[in-house]
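Colleague: Chain order of the listed sequences is A and B. Residues in the first sequence are numbered consecutively from 2, following the numbering used here. Residues in the second sequence are numbered consecutively from 2, following the numbering used here.
Hint data in this document are derived by calculation from the structure and do not stem from the laboratory. Computed from a predicted model, the values in this text were never measured in an experiment. Treat each hint with caution, since some may be false.
Claimed, not checked - The list that follows gives simulated cross-link-like pairs (lysine to aspartate or glutamate, DMTMM-like), each with its CA atoms no further than 20 Å apart:
hint, chain 1, residue 1, chain 2, residue 2
1, B, K211, A, E157
2, B, K286, B, E31
3, B, K271, A, E131
4, A, K271, B, E31
5, A, K271, B, E95
6, A, K211, B, E31
Protein chains: 2
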Amino acid sequence: MSSDRRKSDIRMRGFPHRTDVADVIRLIDERIRHLPAERVPVTSVAGRVLAEDVISPCAVPGFDRAAMDGYAVHAHETFGAEAYSPLEFDIVGEGYPARPFGGHVQSGQAIRIMTGAPMPAGADAVVQAEAASESDGKVRITEAVTPGRHVGRRGEDIEAGNVLLHAGRRLRPQDLGVLASVGATPVPVIRRPSVAILVTGDELLPAGSKPAGCMIVDSNSPMLTALLHRDGVAHVRVTLLPDKPDLIRQQLIDSPEDVLFISGGSSVGKEDHAPGLVSELGELKVHGVALRPASPTGLGFLHRQLRPVFLLPGNPVSCLCAYDLFAGRAIRRLGGLSPEMPYAVRSIALGRKIVSMVGRMDYVRVAIRHDLAEPVAISGASILSSTTRADGFVLVPPDREGHAEGETVDVHLY
Amino acid sequence: MSSDRRKSDIRMRGFPHRTDVADVIRLIDERIRHLPAERVPVTSVAGRVLAEDVISPCAVPGFDRAAMDGYAVHAHETFGAEAYSPLEFDIVGEGYPARPFGGHVQSGQAIRIMTGAPMPAGADAVVQAEAASESDGKVRITEAVTPGRHVGRRGEDIEAGNVLLHAGRRLRPQDLGVLASVGATPVPVIRRPSVAILVTGDELLPAGSKPAGCMIVDSNSPMLTALLHRDGVAHVRVTLLPDKPDLIRQQLIDSPEDVLFISGGSSVGKEDHAPGLVSELGELKVHGVALRPASPTGLGFLHRQLRPVFLLPGNPVSCLCAYDLFAGRAIRRLGGLSPEMPYAVRSIALGRKIVSMVGRMDYVRVAIRHDLAEPVAISGASILSSTTRADGFVLVPPDREGHAEGETVDVHLY
Numbered sequence: 002m003s004s005d006r007r008k009s010d011i012r013m014r015g016f017p018h019r020t021d022v023a024d025v026i027r028l029i030d031e032r033i034r035h036l037p038a039e040r041v042p043v044t045s046v047a048g049r050v051l052a053e054d055v056i057s058p059c060a061v062p063g064f065d066r067a068a069m070d071g072y073a074v075h076a077h078e079t080f081g082a083e084a085y086s087p088l089e090f091d092i093v094g095e096g097y098p099a100r101p102f103g104g105h106v107q108s109g110q111a112i113r114i115m116t117g118a119p120m121p122a123g124a125d126a127v128v129q130a131e132a133a134s135e136s137d138g139k140v141r142i143t144e145a146v147t148p149g150r151h152v153g154r155r156g157e158d159i160e161a162g163n164v165l166l167h168a169g170r171r172l173r174p175q176d177l178g179v180l181a182s183v184g185a186t187p188v189p190v191i192r193r194p195s196v197a198i199l200v201t202g203d204e205l206l207p208a209g210s211k212p213a214g215c216m217i218v219d220s221n222s223p224m225l226t227a228l229l230h231r232d233g234v235a236h237v238r239v240t241l242l243p244d245k246p247d248l249i250r251q252q253l254i255d256s257p258e259d260v261l262f263i264s265g266g267s268s269v270g271k272e273d274h275a276p277g278l279v280s281e282l283g284e285l286k287v288h289g290v291a292l293r294p295a296s297p298t299g300l301g302f303l304h305r306q307l308r309p310v311f312l313l314p315g316n317p318v319s320c321l322c323a324y325d326l327f328a329g330r331a332i333r334r335l336g337g338l339s340p341e342m343p344y345a346v347r348s349i350a351l352g353r354k355i356v357s358m359v360g361r362m363d364y365v366r367v368a369i370r371h372d373l374a375e376p377v378a379i380s381g382a383s384i385l386s387s388t389t390r391a392d393g394f395v396l397v398p399p400d401r402e403g404h405a406e407g408e409t410v411d412v413h414l415y
Numbered sequence: 002m003s004s005d006r007r008k009s010d011i012r013m014r015g016f017p018h019r020t021d022v023a024d025v026i027r028l029i030d031e032r033i034r035h036l037p038a039e040r041v042p043v044t045s046v047a048g049r050v051l052a053e054d055v056i057s058p059c060a061v062p063g064f065d066r067a068a069m070d071g072y073a074v075h076a077h078e079t080f081g082a083e084a085y086s087p088l089e090f091d092i093v094g095e096g097y098p099a100r101p102f103g104g105h106v107q108s109g110q111a112i113r114i115m116t117g118a119p120m121p122a123g124a125d126a127v128v129q130a131e132a133a134s135e136s137d138g139k140v141r142i143t144e145a146v147t148p149g150r151h152v153g154r155r156g157e158d159i160e161a162g163n164v165l166l167h168a169g170r171r172l173r174p175q176d177l178g179v180l181a182s183v184g185a186t187p188v189p190v191i192r193r194p195s196v197a198i199l200v201t202g203d204e205l206l207p208a209g210s211k212p213a214g215c216m217i218v219d220s221n222s223p224m225l226t227a228l229l230h231r232d233g234v235a236h237v238r239v240t241l242l243p244d245k246p247d248l249i250r251q252q253l254i255d256s257p258e259d260v261l262f263i264s265g266g267s268s269v270g271k272e273d274h275a276p277g278l279v280s281e282l283g284e285l286k287v288h289g290v291a292l293r294p295a296s297p298t299g300l301g302f303l304h305r306q307l308r309p310v311f312l313l314p315g316n317p318v319s320c321l322c323a324y325d326l327f328a329g330r331a332i333r334r335l336g337g338l339s340p341e342m343p344y345a346v347r348s349i350a351l352g353r354k355i356v357s358m359v360g361r362m363d364y365v366r367v368a369i370r371h372d373l374a375e376p377v378a379i380s381g382a383s384i385l386s387s388t389t390r391a392d393g394f395v396l397v398p399p400d401r402e403g404h405a406e407g408e409t410v411d412v413h414l415y
């Protein structure tokens with residue numbers, strides 16, 4: 002459908018075709034792959050996704066070391082030591098982690114050693130301080146030790162050449178510790194996407210303004226920005242635009258970001274410029290989805306760069322719904338994260354029935370009260386406060402007319 | 002115990018007293034309250050905690066508005082309209098969201114209206130475009146509407162003067178949308194803590210270095226920094242220090258952060274300066290905890306400012322354990338977040354028994370294989386790779402000697 006035709010006639014209502022939710026998800030999964038790798042210092046990779054297996058370049062520890070404060074000795078020389086028949090050794094030095102004992106421990110000798118200090122040549126075990134007493138340069142040992150006792154062996158934590166962490170892993174805080182300890186830096190991680198949010202509407206004031214007269218405040222871009230950061234986006238740029246096709250077209254051409262969102266003007270009305278512009282500059286693959294309350298959602302790809310463009314409804318609940326189901330999935334795929342929605346799911350009985358329609362999916366906000374899920378607003382795509390009163394949402398599949406009171410449903414928890 | 006006495010004698014081993022985990026937690030909960038409020042622009046408050054109730058300064062929508070594209074009419078004039086007996090109205094204008102119709106809709110008249118546009122004076126309902134056809138400046142309506150049909154009433158989303166969001170709420174993406182839409186900015190939120198991490202040890206190289214000889218790389222500060230950011234900390238400063246009491250003392254005096262961590266030197270050995278320094282500069286409330294593998298943990302408060310100082314074991318697994326149970330709790334309390342550990346908990350049967358000791362708590366890393374939890378390393382506080390192989394941990398309470406194979410335990414999932 003051409004942009005001109007749509008503009009010419011307010012009677013051209015509704016979408017000639019609504020794509021099933023499952024087909025939109027399939028398209029996203031087919032067309033959107035993760036971004037290339039980049040190398041990032043180990044101190045900055047928390048939450049990032051490994052692009053390659055990391056092989057340990059060295060062993061940890063890199064040397065045999067004391068695992069206790071005590072005395073480093075030849076284990077076999079301690080055999081027979083007991084509380085009432087201690088054995089005596091000459092103390093010939095001290096070993097600290099950064100100042101190891103440089104000599105060789107001979108028969109009849111011991112050194113004082115601190116936890117973490119390299120084991121000296123000639124010694125093969127540590128007698129812990131509790132089993133020893135020291136005086137006049139000698140130590141009396143009251144406990145026999147076996148070879149290797151209280152010694153951390155070279156490589157016992159990490160062996161050189163082994164795979165330390167596998168590609169695709171989302172890095173946890175302790176993974177940073179492990180990577181730092183082997184000196185694996187910079188770390189190959191999947192690049193995080195950047196997103197431009199083009200917010201269209203003559204009636205919109207930027208977030209941070211006070212509403213005035215018939216002018217309302219853009220609430221979609223602060224919500225989307227927070228969702229994008231949650232989903233690992235590195236950089237978000239927000240631009241407010243009036244309903245002027247030339248300005249929107251120029252932004253679509255000039256924006257350097259990996260993904261573009263157009264919030265508002267995504268339906269089939271006179272002022273809905275976004276669908277026609279995406280068709281003109283690339284390929285509009287989806288326009289209209291069998292999903293309440295986010296039917297005016299679109300997905301296209303700009304020519305050549307094949308950059309995804311999401312048309313998100315201006316109504317804030319619809320916008321949230323379209324992000325949760327589609328745009329967020331694309332963002333998570335680009336960043337190498339699990340594509341599934343990052344909400345915990347809980348099975349819970351309905352306190353009141355949900356009525357839906359066969360042929361479309363319904364995104365129904367629910368509040369949990371007395372361990373029952375109650376729909377807070379079946380309709381009302383503009384009622385954003387319904388999503389703050391809600392504890393989560395239920396997705397009613399398109400082959401269902403709803404869910405009965407008492408039926409157990411999966412609630413996605415906000 | 003004075004620092005000098007500890008330094009003088011390597012035989013002074015072990016802690017004279019180990020505080021129960023529950024008592025450390027009680028101390029943290031008694032002494033640590035959330036930080037004061039600050040006012041932050043609405044676009045930057047995702048994940049922040051509200052310091053006060055937010056009352057809506059205005060209604061949303063601020064005016065009655067069209068909820069559909071169509072024709073604004075007097076509802077009672079549509080009564081009787083049907084597909085085969087349409088009723089005709091004169092079109093006297095158009096209403097857009099930012100360009101409302103300024104006149105008064107008289108009897109027999111209608112205006113074209115777009116979703117979101119203010120309802121014109123005189124009209125009280127919208128006939129959707131699908132139920133109308135237009136020609137020669139007239140519109141034929143084929144469906145009767147009741148008053149209020151397809152009209153979003155002033156205040157239907159949010160009423161002025163109502164509590165919009167309650168103090169203590171952690172703000173979700175959609176909450177930012179709601180706050181922006183009423184112009185509630187700046188937003189009163191609890192200030193986020195700042196933390197100084199003092200990493201002590203002559204043998205340590207900064208994270209990002211390669212290990213060399215007996216020098217090892219600091220793995221605690223990258224791990225702790227990631228944990229702190231996860232728990233809402235605004236700013237983390239890392240300083241590496243040699244085992245020199247004067248340098249550590251000066252940092253304790255000079256650091257402006259809300260909380261100080263000292264990583265390493267937290268036990269009772271000759272080079273463990275931190276406990277004595279905290280006693281000297283304030284109050285060392287806990288030193289030694291009945292917790293494996295994090296017994297060398299301490300908690301003190303610096304004089305006057307009453308700033309918490311955590312002594313964290315240098316061994317990385319012990320450090321993680323002490324953070325998870327104690328330091329993280331304090332950080333989350335300061336920032337107004339739920340103090341509980343932010344790990345999902347799953348009940349799962351043990352694939353192998355866990356042996357523990359009555360009188361202390363054990364933090365046991367487990368991997369989940371074939372739906373069974375298997376301990377990956379009972380001991381080995383220095384084996385950080387055990388926490389990357391693990392999927393989570395089990396806390397064995399101090400009144401238990403462990404858990405039998407097949408017993409169901411709570412696994413905290415990393």
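Colleague: Please go over all the hints and tell whether each is borne out by the structure.
Modeller: Evaluated hints:
Only pairs whose Cα atoms come within 20 Å are accepted, and K211/B paired with E157/A is accepted, the gap being roughly 18 Å. For the hint pairing K286/B with E31/B, the CA-to-CA distance comes to about 13 Å; that is within 20 Å, so the pair holds. Between the alpha carbons of K271/B and E131/A the distance comes to roughly 14 Å, so the proposed pair stays at or under 20 Å and holds. At most 20 Å may separate the alpha-carbon atoms for a hinted pair to count; K271/A and E31/B exceed this at roughly 62 Å.
Taken as a hint, the K271/A and E95/B pair is honoured in the structure, with Cα atoms around 12 Å apart against an allowance of 20 Å. Note on K211/A and E31/B: the hinted pairing is violated, with a Cα-Cα distance of about 41 Å set against a maximum of 20 Å.
The structure shown violates the earlier hints numbered 4, 6.
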